[in-house]
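S.K.: Let the sequences and hints guide you as you build the complete structure.
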Amino acid sequence: MAKITMREAISQALMEEMDRDPAVFILGEEVGVWGGTYAVTKGFYDKYGAARVKDTPIAENAIIGAAIGAAMVGQRPIAELMTINFAFSAMDYIVNQAAKLHYMFGGQFMLPMVIRAVGGGGRQLGATHSQTPDAIFAHFPGLKVVSPGTPEDAKGLLKSAIRSNDPILFIEHATMYQIRGEVPEGEYTIPIGKSKIQREGKDLTIVTYCKGLELSMKAADELAKEGIQAEIVDLRTLRPLDMEPVLESFKKTNRAIVVEEGWKSYGVGSEIVSRIYEEAFDYVDAPILRVAQKEVPLPYNRTLEQAALPQVPDIVAAAKEVLK
Amino acid sequence: MKKEQLLDLYYQMVLIRRVEERGAELYQAGKIGGFMHLYIGQEAVSTGLIAAREPRDRVITAYRDHGVALNCGISSNEVMAELLGKATGMSKGKGGSMHMADTSKNMWGGHAIVGGHLPVASGLALGDQYAGNDNVTICMFGDGATNIGYFHEALNLAKTWGLRVLWVCENNQYGMGTAVERASAVTEIRQKAEGYGMKNGQADGMDVIKVYDAARDAIEYVRKEGQPYLLEVDTYRFRGHSMGDPERYRKAEEVKQWQENDPIGIFNKYLLDKKTATRKQLDEIEARVEEEVVKAVEFAEASPEPAMEDLFKDIYADN
Ligand SMILES: Cc1ncc(C[n+]2csc(CCOP(=O)(O)OP(=O)(O)O)c2C)c(N)n1
Ligand SMILES: [Mg+2]
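Going down the list, the protein sequences come from chains A and B. So our numbering is basically just the index in the first sequence, starting at one, shifted up by 303. So our numbering is basically just the index in the second sequence, starting at one, shifted up by 22.
In case anyone wonders, no lab produced these hints; they're calculated from the structure. It cannot be assumed that every hint is accurate.
In silico DSS-like cross-links for lysine-lysine, where the CA-CA straight-line distance does not exceed 30 Å [said to hold, decoys possible]:
(1) B:273 to A:357
(2) A:623 to A:555
(3) B:127 to B:53
(4) A:597 to B:335
(5) B:278 to A:345
M.R.: Now the structure itself:
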C-alpha cells in the first residue's frame with residue numbers, strides 16, 4: 304500500500320485510463336497548458352498533447368454538450384467543470400440531455416462520459432463559488448453521482464466511472480486534495496453504487512460522504528474518547544444509492560445521524576432519513592438527526608463562513624443527542 | 023478635459039495601483055482570503071470609461087472590480103474593509119474582493135460568474151427603458167466572457183429591444199491561462215457585435231485619454247440613438263489571473279514588454295509633456311495616495327467583524 308494524496312489519486316486514475324483506452328480524452332477550462340486549476344492534470348498536456356487534453360473556451364454548455372455528442376459516437380470524454388458552481392451554467396445539458404438521452408431514445412446510444420467537478424465551501428470564495436449542491440444532481444434518474452471521501456475510493460471509483468457506459472457526475476471537494484490515504488499498489492477499480500463501512504462501532508451510525516467523511520472520522524475520534532463507538536457508513540455514490548450497509552448498521556445501532564456539507568433542506572440527509580424510516584422503522588430508538596450547512600448562501604467573511612459550515616463539534620453534539 | 027479633471031484621473035489610477043499593491047501584501051499575509059483578481063495594468067480602462075459617464079449612468083462589471091469600485095467613487099476605506107471581510111465594507115464583509123457594489127454610486131457590482139452579469143446589464147437597461155429615461159448602462163467584461171452564451175444572448179436582446187448598454191470588452195489577451203486566439207473564433211472581439219448589427223469600436227486601453235474619448239463618443243451614441251454599442255479595449259494585466267497564478271502560459275518578456283507601456287507611466291508623461299502638471303504636482307498626488315492607502319488599511323484593520331447574527335441577515339428582503 305502506498306500513501307498518496309487525493310490529488311495524486313485522481314490524477315493517477317485519469318492517467319491510467321488514458322493509457323489504457325485511446326477513446327478517453329479530457330476537455331475543460333485550463334485543463335491543459337495551465338495544468339488544471341487544482342493541478343490535477345499537471346503534466347497531462349505535455350504527455351498526451353492538445354488533442355487529448357483540450358483547453359476549452361469558457362463555455363460550460365459547449366463543454367458538456369460536446370462531451371455528450373462525442374460520447375454518443377463512442378468516445379469516452381471526461382469533461383471537467385472548473386467548479387461545480389458552473390454546472391448551473393450547463394444545467395440543461397446535464398439534466399435535459401445527459402440524464403435523458405439514453406432512455407428517451409430507447410437505449411439506442413450510450414453516453415460513456417464523466418463530468419468531473421470540484422465543489423465545497425470553506426475557502427472564502429463567496430456565495431456563488433462555494434456551493435455543495437450534490438443533492439440536486441442526485442435528484443435526476445439517468446445521471447449517476449459519485450463523490451468519494453478517500454484517495455483509495457477516488458482512484459478506484461473514477462476508474463470505474465471512466466469505464467462506465469453511463470453519464471457520471473464525479474464530485475470532488477476543494478479542501479480535500481491534500482488529504483493522504485493508503486491506496487493499493489497496482490491496478491484496481493471500485494464499483495459504482497456501493498456504500499462502505501469506513502469505521503466500525505456499535506453505539507450509533509453516522510451516514511456521510513466526501514467532506515462529511517473527513518469530519519465524521521474526527522468526530523468519531525472525539526466520541527471514542529468518551530467511550531462512544533460510532534460506526535461510519537460512507538455512501539460514496541449518491542445515485543444509485545446503496546442503502547444496504549446503512550440499514551445493516553442501523554439495525555445494529557438503532558440510532559443515526561447524517562452528515563453532509565450541503566444545505567439541510569431537501570438534502571442528502573432528507574433522503575437517507577426517509578429511507579431509514581421507510582425500511583427500518585421498527586429499529587428506530589431515537590429521532591435521526593441531520594448535520595448540514597446552515598440555510599444561508601455562504602458569506603466571504605471567514606468567521607461567518609465557518610459558522611455556516613458543519614463542523615466536528617456539531618457532529619459530536621448531534622451524536623450525543625441521539626444517544627440520550 | 024480641464025486640468026483638475028485630468029489630475030483627478032491621475033489620482034484615481036495611482037490610487038487603484040496602491041490599493042491593490044497593499045491588498046496583495048495583505049493577501050500574502052493571510053488577512054485577505056478567497057480569490058483576488060488584481061486590476062494592475064488595466065487602470066486606464068475603467069478610469070477613462072467611468073470618467074465619461076454621467077452619475078446617473080450605471081456600471082456593472084466582473085470580479086476584477088476594485089478599480090471600478092474606486093472609480094465609481096466608493097472610498098478606499100470601504101474597498102479595503104471589504105477585502106478584509108469587515109462589517110464596514112460596502113457588502114458588509116459578505117461579498118469580498120469579487121463582490122463590490124454600491125448602488126448609491128451606481129456601481130451594480132462585481133460578479134463572479136463569467137458572463138453572468140451581461141444579461142443582467144441588459145436588464146438594468148430594460149428597467150431604465152421601461153421607466154422612460156435615457157440612462158446608459160456600462161457593462162464591462164473580459165475577452166474570455168465573449169465565448170459563453172450569456173454574452174450572445176445579452177447582445178442580441180439589447181440590439182433587438184434597443185437597450186441603452188455600452189458593452190465594454192476589456193481584452194487583456196487572456197482568459198485565465200488561455201490566450202484569446204486559443205478560445206475565440208475571432209481574435210478581434212468587436213467583430214462579434216457585427217453579427218448582431220451592433221455599432222462597435224476599439225480603443226487603446228493603456229491610454230486613459232483614448233479610452234475616455236472613445237467612451238464619451240460611445241455613450242453619446244447610446245444615449246441619443248437608444249441603441250447598444252460594443253467597445254473593445256486592448257489592455258493587459260501585469261499580474262497573474264488571481265493571486266497564486268503560476269503563470270506558466272505566458273512569457274516573462276511578453277509581460278515585460280507590456281509593462282513598458284504602463285498606463286500610469288504613459289499618463290504621467292502625457293501630463294508633463296502637455297505641461298498640464300509639474301513633476302512636483304504629480305509627486306504630491308502620489309504622496310496623497312500613499313497617505314490615503316495607509317489610512318484605509320488602518321481603517322479596515324480597526325473595523326469590526328460582522329456580528330454572528332448577521333449570518334442570517336439579508337437572505338430575503340421580506341421577513
Ligand atoms: C461560468 C464560469 N466559468 C468559469 C469561471 C472561472 N473563471 C473565472 S475568471 C475566468 C477567466 C475569465 O477571463 P476573461 O473574461 O478574459 O476576464 P479576465 O479575468 O481576463 O479579466 C474563468 C475561467 C467562472 N467564474 N464562471
Ligand atoms: Mg481576459
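S.K.: When the structure is checked against the list of hints, which entries are broken? Sort them ascending.
M.R.: none
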